[in-house]
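**Q** One-letter residues, chain by chain:
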Amino acid sequence: MLYSLCFLFFMIGLYCAVVKKNMVKIVIGIMIMEYAVNLFLIMLGYRLGGAAPIIDRSQVDLETGQIAASFLSSCVDPLPQALVLTSIVISLGSLALMISICVRTYGKYGTFDITEIRRLKG
Amino acid sequence: MIGLLPAFVAIPLVTAFVLPLFGKKGKGAATVLANVATISLVALAVPCIGHRGVYLLGKWSIPLGINLVLDGLSCLLLLAISVVSAAAMLFSARYMERYTAKSRYLSLLMLMIAGMNGVVLSGDIFNLFVFLEIASLASYALVGFGCEHEELEASFKYMVLGSIASAFILFAVALVYGNTGSLNMAYISKAIQSSGMNNGLAFALSLFIAGFGLKAALVPFHAWLPDAHPSAPAPISAMLSGVLIKALGVYALCRTVFNVFGVSVAVGWVFIALGVLSMVIGVFLAVGQWDLKRLLAYHSISQMGYVVLGVGMGALILARGGEAKWAALAILGGLFHLVNHAVFKSLLFLTSGSVEMATGTRQLKELGGLATVMPITRATCAIASASIAGVPPFNGFWSKLVLVIAAVGAGFYGLAAVTLLVSLVTLISFLKIQRYVFLGELPQNLQHTQESKGPMLVAMGFLACLCVLMGLLLLVPALRQSILEPAVDVLTEGVKYSAAVIKET
Amino acid sequence: MKGMTIIVKTISGWVKVLIIMFGIYITLTGHLSPGGGFAGGVILASAYVLLMLAFGKEYAEENLPIPLASKLESVGALLFALVAIMGAISSGSFFVNFLQHKEAHGQALDLISAGTIPYSNLFIGIKVGASLFLVILILSSSQYYSPNRPIDGKEFK
Chain A
1 MLYSLCFLFF MIGLYCAVVK KNMVKIVIGI MIMEYAVNLF LIMLGYRLGG
51 AAPIIDRSQV DLETGQIAAS FLSSCVDPLP QALVLTSIVI SLGSLALMIS
101 ICVRTYGKYG TFDITEIRRL KG
Chain B
1001 MIGLLPAFVA IPLVTAFVLP LFGKKGKGAA TVLANVATIS LVALAVPCIG
1051 HRGVYLLGKW SIPLGINLVL DGLSCLLLLA ISVVSAAAML FSARYMERYT
1101 AKSRYLSLLM LMIAGMNGVV LSGDIFNLFV FLEIASLASY ALVGFGCEHE
1151 ELEASFKYMV LGSIASAFIL FAVALVYGNT GSLNMAYISK AIQSSGMNNG
1201 LAFALSLFIA GFGLKAALVP FHAWLPDAHP SAPAPISAML SGVLIKALGV
1251 YALCRTVFNV FGVSVAVGWV FIALGVLSMV IGVFLAVGQW DLKRLLAYHS
1301 ISQMGYVVLG VGMGALILAR GGEAKWAALA ILGGLFHLVN HAVFKSLLFL
1351 TSGSVEMATG TRQLKELGGL ATVMPITRAT CAIASASIAG VPPFNGFWSK
1401 LVLVIAAVGA GFYGLAAVTL LVSLVTLISF LKIQRYVFLG ELPQNLQHTQ
1451 ESKGPMLVAM GFLACLCVLM GLLLLVPALR QSILEPAVDV LTEGVKYSAA
1501 VIKET
Chain C
2001 MKGMTIIVKT ISGWVKVLII MFGIYITLTG HLSPGGGFAG GVILASAYVL
2051 LMLAFGKEYA EENLPIPLAS KLESVGALLF ALVAIMGAIS SGSFFVNFLQ
2101 HKEAHGQALD LISAGTIPYS NLFIGIKVGA SLFLVILILS SSQYYSPNRP
2151 IDGKEFK
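Chains as they are written, first to last, in my numbering: chain A, 1 to 122; chain B, 1001 to 1505; chain C, 2001 to 2157.
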């Protein structure tokens, strides 16, 4: 049920990127899509009633390096969190590039409206 | 040799970060360093022929760690990427003098090469996504490099569509992780074989086809290509059209469909439909263009249709359980056409860049009669046009012949007829280029044009020699069995890729 | 870009020290608790953004000039690649945690414990901080806004 809400969020972002005419709104739509995918990825790792996957001294036996089994079976999956960190960095780079192209296009054409920025046709 | 696999990604990355340190005064030294880096990549790629192996990063064994996999398909694409990037880098030594910030351009180009090498070598599906994003972001910036009106508009369109495709691909990776619990391609393949496809995995497969299809510019996802490729500087157009749409689009599509998910009849028909649509729509839209580079860009769409058609026919025959030799022949035709297209399309874009640098215009109606003042450009353009149109004995003829033989042998007579028709229309449009650009009489304002100089001619001549000689890759059995057939075997073996990778670690 | 009132300037002069310290803390303990290179780098960059908003762009540019930030960025990335390559030279594969297997590896859950990971975090923190600062500084310079007129900063078309 929550996953379909996440998918609805993705569709809202896709609608915004496809239908809107202002360049900045299209960029916001793409960012909403990427947030939706990051949210989906974190939700995949969740376990009901789980703990954060950070080990502290009470859970590890320092001599052997063994981690308490109760912790392992109740903590959330940390791998999707690492994937989301990478994905957030990539969206940041992509956002910086998109905004700088919007700024430069405004400097050249004088408008943010994509229906007026149509020199390339055919 | 397997120990040097990370060097394919590490050398371009380190060069990309060293180059901005040179600044304005060190432009010459920066260019020399970049060229040395790309030529060393070619020197590293050639000994990889015929080897297979798995490299574990950080000595963490799979599925805990990330691995790099070298097999026949990766080796073929590594060769294509390194050859085309060496030629484009040589060409841009002289061509990019007109632009400012040349060291930034070189750095972005090295990042793109690093991203493409990473996509081709990666054995882990999220790692493939990360390298795909690196290469895509570098290419978005390079398309809009000149910061003129049209370049910015084209770059924005390309970036919006490319980001949507990347979001689809990440969503599909998330779905695959949720359903199988692993990110390593060999382990995902094992899990899908044992548990079968459910709805989530089928949806993930369709998202992968949409996302990678947009990166490969297949119809109906092609809308960015006719704007992006003409607006980019000429060596970047050569790289984009020559290797980026193949390494990021077609390679990733083949890898996920054949090796990870496994072929099925539905997917085979989808590939064939995409291939036929791209071929037909691309070529008919190309004939009517009057801008030189836009015409070449539409032809890229059409030739990608050939590749996907060949691969799709192979997938359909394998899924139906038909004769394996026709499937192998169809996939051989598709992959050989991929490599051929990398060479002749990049040569075509480099010649168009040479024409543009000499005359200052790209419109066919304003050019004419350049055969007398630019003989070498004319000769290389004629060789490349003959290759793409399928004139024997150049390399395009052999790959199209293999595709038609495979189509007829497997019973797809309609597809063979469509292939021949599209080849004919391709020939018509390239005769149009030859007539309008090189023959005819020289207009008044172009009386003082001169031939291009130095490194540009070397790059174009090198690619033209490859166009002439690459037919030998198919005809000489030793070359065919060491370069082309391992690539075909990787795809026809399909899901046995996982067993091979797990066994080798 | 002009600065803000005297109250904002005074307070941000004190707060920026805290922000930078927090950024360094997050970067260096990335192997023990969430954070690491990227998050620490973003916090470091935001200290400079605070300077830019409170005192004006010229002050922030004097504090960390653009050529220096550019070089820091490249050097940070090169040092990170150096860590990876040293793993290859000393133990065989790229990115091997080569300090983990020597005597200096320390107890688990201490600050000096995870081998090469704190060094990677540090270099990535430097790189990300420098590059985000450059991005925000260059995007906020208004020379690109006005279509065909020289800048007076007051009206856009």
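Hints in this document: simulated from the structure, not taken from any laboratory.
As the structure is a computational prediction, the values presented were derived from the model and not from experiment.
Think of the CB as a built atom: it goes at the ideal place given N, C-alpha and C, for glycine as much as any other residue.
Some clues are possibly wrong.
[To be verified] Partial list, computed: chain C residues near chain B (C-beta under 10 Å):
| # | residue |
| --- | --- |
| 1 | Thr-2010 |
| 2 | Ile-2011 |
| 3 | Gly-2013 |
| 4 | Lys-2071 |
| 5 | Val-2075 |
| 6 | Leu-2078 |
| 7 | Asn-2097 |
**Q** Now look at each hint and say whether the structure bears it out.
**A** Hint-by-hint comparison with the structure:
1. Thr-2010: violated (37 Å)
2. Ile-2011: Hint violated; Ile-2011/C Cβ to chain B Cβ min 36 Å, cut 10 Å.
3. Gly-2013: violated (32 Å)
4. Lys-2071: Interface hint status for Lys-2071/C: holds (6 Å vs cutoff 10 Å).
5. Val-2075: This hint holds: Val-2075/C lies near chain B, its Cβ roughly 8 Å from the closest one there, short of 10 Å.
6. Leu-2078: holds (5 Å)
7. Asn-2097: Since chain B brings a Cβ to about 7 Å from Asn-2097/C, closer than 10 Å, the hint holds.
The structure fails hints 1, 2, 3 (numbered hints given earlier, in ascending order).
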